[in-house]
Amino acid sequence: MGIFLQQLVNGLELGSLYALIALGYTLIYGILELLNFAHGDVFMVGAFLAAGVAALLVHNEVAAVPAGIAVGLMLLVAMGGAGLLGVGIERVAYRPLRNASRLAPLITAIGVSLLLESAVQVGVSPAPVLVPSNALVPQATIHLGSIESPLTGVLLFAASLALMIGLDVFVFRTRFGSAMRATAQDREAATFMGIDVDRVIMVTFFVASALAGLGGVLFGLRYASIDFFMGYLLGIKAFTAAVIGGIGNIRGAMVGGLLLGVLESLSGGFISTQFQDTFVFLTLILVLLVRPQGLFGQPLADRA
Amino acid sequence: MRYGPVPALREVSMEIRRGEIVCLLGGNASGKSTTMKTVIGSVRPAKGSVWYEGQDITGWNTSRRVANGIAIVPEARRIFPRLTVRENLMMGAFIRQDRDEIDADLERVMVMFPRLKERHSQRGGTMSGGEQQMLAMGRALMARPRFLCMDEPSMGLAPVLVEQQFETIQRLNASGITIFVVEQNARMALAIANRGYVLQSGRVVLTGTAASLLENPQMQRAYLGI
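Note that the protein sequences, when read in sequence, are chains A and B.
For the first sequence, the positions run 32 to 335 when the working numbering is used.
For the second sequence, the positions run 5 to 230 when the working numbering is used.
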């Protein structure tokens with residue numbers, strides 16, 4: 032029982048990271064029916080931006096400014112930078128192809144993904160980069176009975192959850208959120224309402240990418256090591272989480288992410304760590320066989 | 005007007021004056037739909053221009069036209085299927101900022117169409133065709149338009165609903181909204197319109213007051229089935 036609860040906690044932590052990234056896939060898919068395969072790499076760039084800020088502010092494991100301010104700056108630069116990167120990618124790689132066949136932007140997405148990975152590999156570092164997490168966040172461990180979790184892990188979970196709730200409120204309770212949903216459901220009819228669809232798409236990319244940037248910061252603080260290829264597998268898993276939840280469905284992405292994290296952690300803890308990724312993708316296959324629209328998705332027939 | 009390799013419209017010159025109901029009639033592929041798209045800005049004409057309230061709006065996109073008082077009841081209604089009835093109506097008011105007035109208009113629209121009030125929390129896509137037509141109307145009215153464009157409002161509706169629909173159009177017009185309606189159902193449209201235009205292969209072949217069109221023998225043979 033103790034191991035089970037411990038793995039559950041680990042899984043929720045990992046899952047909240049998947050959920051943050053999965054939200055980006057699902058937001059963009061919901062509005063453009065586009066799989067933004069560069070999204071995992073936007074997460075990676077966010078992590079590197081945060082690491083860059085940390086490198087400027089932390090010398091010899093001592094932060095030059097109060098740690099709170101340093102982390103705040105990392106969040107600002109990583110989320111803002113990743114958000115703008117996402118907007119730029121849409122402008123350059125997807126918008127010109129909006130009326131092209133659906134395959135074309137899929138290919139440019141893969142191109143952008145490779146471009147970002149290579150740019151960071153060649154321009155920054157081909158080897159893992161260390162994030163001076165211990166100078167920025169107290170390296171305490173939280174104990175709850177027999178379960179323990181590092182403070183950074185708890186922070187990761189709490190920050191992800193807060194942002195997810197914020198996003199949910201934004202999409203379901205604000206005027207602009209309604210405009211986003213309307214655009215996702217019928218883009219032309221949205222223009223009939225006076226909605227500037229290009230602006231809605233831009234904001235969607237900004238929000239989705241900023242969430243990935245947040246994921247990058249949290250990842251760096253939690254695991255203290257990042258590399259140019261980190262967005263690849265994590266991106267694929269987050270995408271899997273979005274599909275399991277029902278691609279295009281925001282709450283589905285959150286639940287899918289948490290579920291996938293827990294599943295990965297439990298299968299790693301009880302069956303085999305070497306096979307934990309296998310179980311993740313096996314779950315994807317099973318879900319697609321039994322419920323192709325995902326747990327929360329609309330049946331495909333009435334999506335038109 | 006040209007889109008794709010073949011010009012859809014050749015010589016279409018139309019004028020709609022403030023306070024009028026003007027209908028555009030014609031058979032399939034006559035260019036009705038393209039004319040409507042040109043008016044609302046879904047397609048740009050290769051030649052020619054569109055003027056509205058003394059301004060050349062040819063280069064304006066649809067959302068800018070809507071922001072300037074043009075509302076659209078699109079063909080096939082185009083309700084947002086997974087927004088609730090109330091959310092659909094509120095989308096119609098997207099361009100407005102006057103919160104209190106928007107709430108008052110929401111109430112007014114729900115009085116006008118009691119069915120929408122009954123079903124306000126239901127998803128738009130679950131409504132019947134007639135209810136969706138009401139919703140599309142209500143949604144357009146939420147923009148407080150000065151100029152209302154309606155594309156085939158009678159399509160797919162039972163005759164009794166078509167009648168109601170046209171009564172509503174007359175009432176809206178009486179409240180000061182200028183109306184442009186594209187319609188297959190020539191008899192119904194001419195019964196409420198001040199003037200009409202008839203399109204054939206992308207050209208205006210007939211125009212005049214509704215009364216004169218109803219009398220016109222060519223019109224009677226081709227579109228009124230007399």
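Calculated from the structure, these hints are not laboratory results.
These numbers were taken from a predicted model, which means no experiment stands behind them.
The reader is advised that the hints may include incorrect statements.
Simulated restraints, written as ranges between beta carbons of each label pair [what the hints assert, rightly or not]:
id, chain 1, residue 1, chain 2, residue 2, range
1, A, 201, B, 58, 37 to 43 angstroms
2, B, 108, A, 254, 50 to 56 angstroms
3, B, 60, A, 115, 52 to 58 angstroms
4, B, 101, A, 256, 33 to 39 angstroms
5, B, 62, A, 134, 31 to 37 angstroms
6, B, 175, A, 189, 53 to 59 angstroms
7, B, 191, A, 131, 40 to 46 angstroms
Glycine included, every Cβ here is placed at the ideal spot set by N, Cα and C.
Hint-by-hint comparison with the structure:
Taking the beta carbon of each, residue 201 of chain A and residue 58 of chain B are about 40 angstroms apart, inside 37 to 43 angstroms as hinted. For the pair residue 108 of chain B and residue 254 of chain A, the supplied restraint of 50 to 56 angstroms holds, since their beta-carbon distance comes to about 55 angstroms. Restraint check, residue 60 of chain B to residue 115 of chain A: a C-beta distance of roughly 36 angstroms breaks the suggested window 52 to 58 angstroms. At about 49 angstroms, the CB distance of residue 101 of chain B to residue 256 of chain A disagrees with the hint of 33 to 39 angstroms.
For the pair residue 62 of chain B and residue 134 of chain A, the beta carbons lie near 34 angstroms from each other, so the given range of 31 to 37 angstroms is met. For the pair residue 175 of chain B and residue 189 of chain A, the supplied restraint of 53 to 59 angstroms holds, since their beta-carbon distance comes to about 56 angstroms. Remark: the range hint 40 to 46 angstroms for residue 191 of chain B to residue 131 of chain A is upheld by a beta-carbon distance near 44 angstroms.
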